[in-house]
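> Listed below, chain by chain, are the residues.
Protein chains: 2
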Amino acid sequence: MLLKREHLEAKQSELYDAIIVGGGAGGLSAAVYLARYNLKVLVIEKGRGRSFWMQELWNFVPEVISGKELLQRGQQMALGYGADVLNGYVEDVEDTGDEFRVRVKYRLKNSEYPVFRSRYLIAASGIMDVLPQLASMQNVYEYAGYNLHVCLICDGYEMLDKRAALIAGSEGLINAAFVLNWFTPYISVLTMGAFSVSASMREKLAEHGYPLIEKPIVRFLGQNHIMDGIEFADGSVLPVDTGLIAMGSIRHNAYLHRFNLDKDGEDLQTDEYCRTSHPRIFALGDLKKGLNQVSIAVADGTLAGTMIWRDIRRQAAPRKWLTNLRQTEMA
Amino acid sequence: MLLKREHLEAKQSELYDAIIVGGGAGGLSAAVYLARYNLKVLVIEKGRGRSFWMQELWNFVPEVISGKELLQRGQQMALGYGADVLNGYVEDVEDTGDEFRVRVKYRLKNSEYPVFRSRYLIAASGIMDVLPQLASMQNVYEYAGYNLHVCLICDGYEMLDKRAALIAGSEGLINAAFVLNWFTPYISVLTMGAFSVSASMREKLAEHGYPLIEKPIVRFLGQNHIMDGIEFADGSVLPVDTGLIAMGSIRHNAYLHRFNLDKDGEDLQTDEYCRTSHPRIFALGDLKKGLNQVSIAVADGTLAGTMIWRDIRRQAAPRKWLTNLRQTEMA
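For the record, the sequence lines run as chains A and B. Here the numbering used here is used: the first residue of the first sequence is 1, the next is one more, and so on. Here the numbering used here is used: the first residue of the second sequence is 1001, the next is one more, and so on.
One chain only, chain A, in its complex shape (with noise of 0.2 Å):
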């Protein structure tokens, strides 16, 4: 059930098989394939991950569906098998060797933090997109997700041919580039002056024809969502079709600050079924290493869930048919 305030006293005394860290695509996944295998699970959703902010989810078999379309059919079917979910924000995991304590910020204002006990932690709260930092964030958000994309292998189809301006964060992003233009060759290349760019790079980009462009960005220019120029701090203006932020992103893991796991570059490593080097700790979709998408994430609580709950039966006795039973047992 969705957890609101009144149950939080007595939920907490429940000891979960697992507590899954984020309410995404992975997440919920997860909770589906635990709570069909009869196992106790909550799932803590801060709200507002990466899916949220998907207009439209184009490469997600069977159906194009929106981010929030998606995370709200999702919940209900976790829901109906019986996992519970709490709004919330998870700031502190331990482990007391059998058990986690998962602390949870309930609410903005007027706090509360609770803490829930699970067997089995799942970290799938994903990562968030770095976004350009203008005066306006407003600005930002009125494209960021529409034409103004942060994802080259889900939304490059939507760019071919057409003027596309990159923002990169730093010169080995400026590598997306050479990636993009797969997809389009009219690509100018836009630093914001935030970092220096090598002789090299300034001699490759040349080679292929892109601008390079090092001034402040002021604002997006567009409407309804479409984005079709960019205004420079000396007020010259950019005519583009469409965008790709390559400014990296940052991994929501704080949570597991007292975890010493095993990492490849900043992702968690995890084995072929999601398992980090923790043996109770599962890692899915964008946090572990490999492609960010929604379908790797939905396969990743699959088999997160799998393992959990194989672990989990192998541990238990197993249930007899009692009455079946021949005479020299039930003596």
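It is worth saying that the hints were derived from the structure and are not from the lab. Every residue gets a Cβ at the ideal spot worked out from N, C-alpha and C, and that includes glycine. A couple of the hints might just be wrong.
Stated by the list, open to error - Chain B regions said to be covered by chain A (calculated; three or more residues, Cβ under 8 Å):
1. 1083-1097
2. 1124-1135
3. 1169-1177
4. 1182-1190
5. 1205-1211
6. 1288-1297
Unchecked claim - The calculated SDA-like cross-link candidates involving lysine to any residue, where the alpha carbons are at most 20 Å apart (straight line), are:
7. B:K1204 to A:A316
8. B:K1040 to A:C154
9. B:K1105 to B:N1087
10. B:K1289 to B:R1310
11. B:K1204 to A:K289
12. B:K1046 to B:M1001
13. B:K1204 to A:T323
14. A:K320 to B:V1179
15. A:K289 to B:T1306
16. B:K1320 to A:F178
17. B:K1011 to B:V1179
18. B:K1289 to A:D271
19. A:K289 to B:R1310
20. B:K1289 to A:K320
21. A:K46 to A:A135
Please build the complex by placing chain B on the supplied structure of chain A, with the hints as guidance.
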């Protein structure tokens, strides 16, 4: 587009980037990704695969959906991005070294045998569950996929504390009882007399209180797709609320007979991106090692599609912005 007879000749002279054998959840996901990577793709679908028979897909976020609906919507999605789809049966595949030649049987009557060309091949043709062979197979189809299940992971939840018949196809498959008992202890094990059961397995079943019934099955009883009993050759009837068929499965992979692909048992071995031991053949979903779940197949389509795109992209000349090239480049 959906290919018809009149398209076959022209399409045989095209070189597809990838031909996908199987238009189930995995194949359609691969088609969507490849088409959105602006690649030319052909899906060849024989019809009536495993997902076609699923009445309700309970565990694929974001919503409960029937297999038929999933396939229909997914195919529309792939067609919408420009994928070609052909209803046909892949009989044989040859590798010329840089191209595959894929021979298809088109139409059951007045068959034609077009041969299509592609750079990559995706084996997404899945498996078929072995069902009890009764005098009237119609009687089996009446209940299979309703309350006579074939997938414990998918449907164990539907069997909670119910009287369940486990129809096993071999002694090894009787072990499904010791997983099914997570959901219900009221398990009767049915062999149909098709194989002999060892003393140690008899002992183990007796210890759990699970009756072993070795008589041939004559028919399933019930109505409106709800089985409520099983009638045996001696006229006796076992009342049940649900059933699980564990008789193994047949892999649809005959067309791969020329390729000595690495296997793990009967499953194809792949790397983490679904590439088999042949560098231009990928395998998805139920044909490869791992869980046979729709979510996994859909993610596999993402992975294989993305890797094929990466291979092809890296071999392609980069698209430059010609009018922006420096004079020296233009010379």
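> So, for every hint listed, does it hold in this structure?
Verification of the supplied hints:
Coverage of the segment 1083-1097 of chain B by chain A is violated. Counting CB-CB distances below 8 Å, 0 residues qualify, and the rule asks for three or more. Coverage of the segment 1124-1135 of chain B by chain A is violated [criterion: at least 3 residues with CB-CB distance below 8 Å; count 0]. Given a C-beta distance limit of less than 8 Å, the hint that chain A covers the segment 1169-1177 of chain B is violated, as 0 residues qualify and 3 are needed. Residues of the segment 1182-1190 of chain B lying with their CB closer than 8 Å to a CB of chain A number 6, which satisfies the three-residue condition for coverage.
Check on the segment 1205-1211 of chain B: 6 of its residues sit with their Cβ under 8 Å from a Cβ of chain A, so the three-residue criterion for coverage holds. Coverage of a stretch by a chain is defined here by at least three residues with a beta carbon nearer than 8 Å to that chain's beta carbons; for the segment 1288-1297 of chain B and chain A the count is 5, and the condition holds. Annotation: proposed proximity of K1204 of chain B to A316 of chain A holds, straight-line Cα distance about 17 Å (limit 20 Å). Restraint check for K1040 of chain B and C154 of chain A: satisfied, since their Cα atoms lie roughly 17 Å apart, inside the 20 Å limit.
Using a Cα cut-off of 20 Å, the hinted pair K1105 of chain B and N1087 of chain B holds, with the two alpha carbons roughly 9 Å apart. Proposed proximity of K1289 of chain B and R1310 of chain B is contradicted: the alpha carbons are some 23 Å apart, above 20 Å. Between K1204 of chain B and K289 of chain A, the direct Cα distance comes to roughly 43 Å. Violation of the 20 Å bound is thereby established for this hinted pair. The straight-line distance between the Cα atoms of K1046 of chain B and M1001 of chain B is roughly 16 Å, inside the 20 Å bound, and the hint therefore holds.
Using a Cα cut-off of 20 Å, the hinted pair K1204 of chain B and T323 of chain A holds, with the two alpha carbons roughly 16 Å apart. The hinted pair formed by K320 of chain A and V1179 of chain B meets the criterion: a straight-line CA distance of about 12 Å does not exceed 20 Å. Distance check on the hinted pair: K289 of chain A and T1306 of chain B sit about 15 Å apart at the alpha-carbon level, within 20 Å; holds. Between K1320 of chain B and F178 of chain A the CA atoms are separated by roughly 10 Å; this keeps the pair inside 20 Å, and the hint holds.
The suggested pairing of K1011 of chain B with V1179 of chain B is violated, with an alpha-carbon distance near 49 Å, which exceeds 20 Å. Annotation: proposed proximity of K1289 of chain B to D271 of chain A holds, straight-line Cα distance about 15 Å (limit 20 Å). A C-alpha spacing of about 17 Å is found between K289 of chain A and R1310 of chain B, which places the hinted pair at or below 20 Å, so the restraint holds. Taking the CA atoms of K1289 of chain B and K320 of chain A, the gap is near 31 Å; set against the 20 Å cutoff, the hint is violated.
Between K46 of chain A and A135 of chain A the alpha-carbon distance is near 26 Å, which puts this suggested pair outside the 20 Å criterion.
In summary, the numbered hints that this structure violates are 1, 2, 3, 10, 11, 17, 20, 21.
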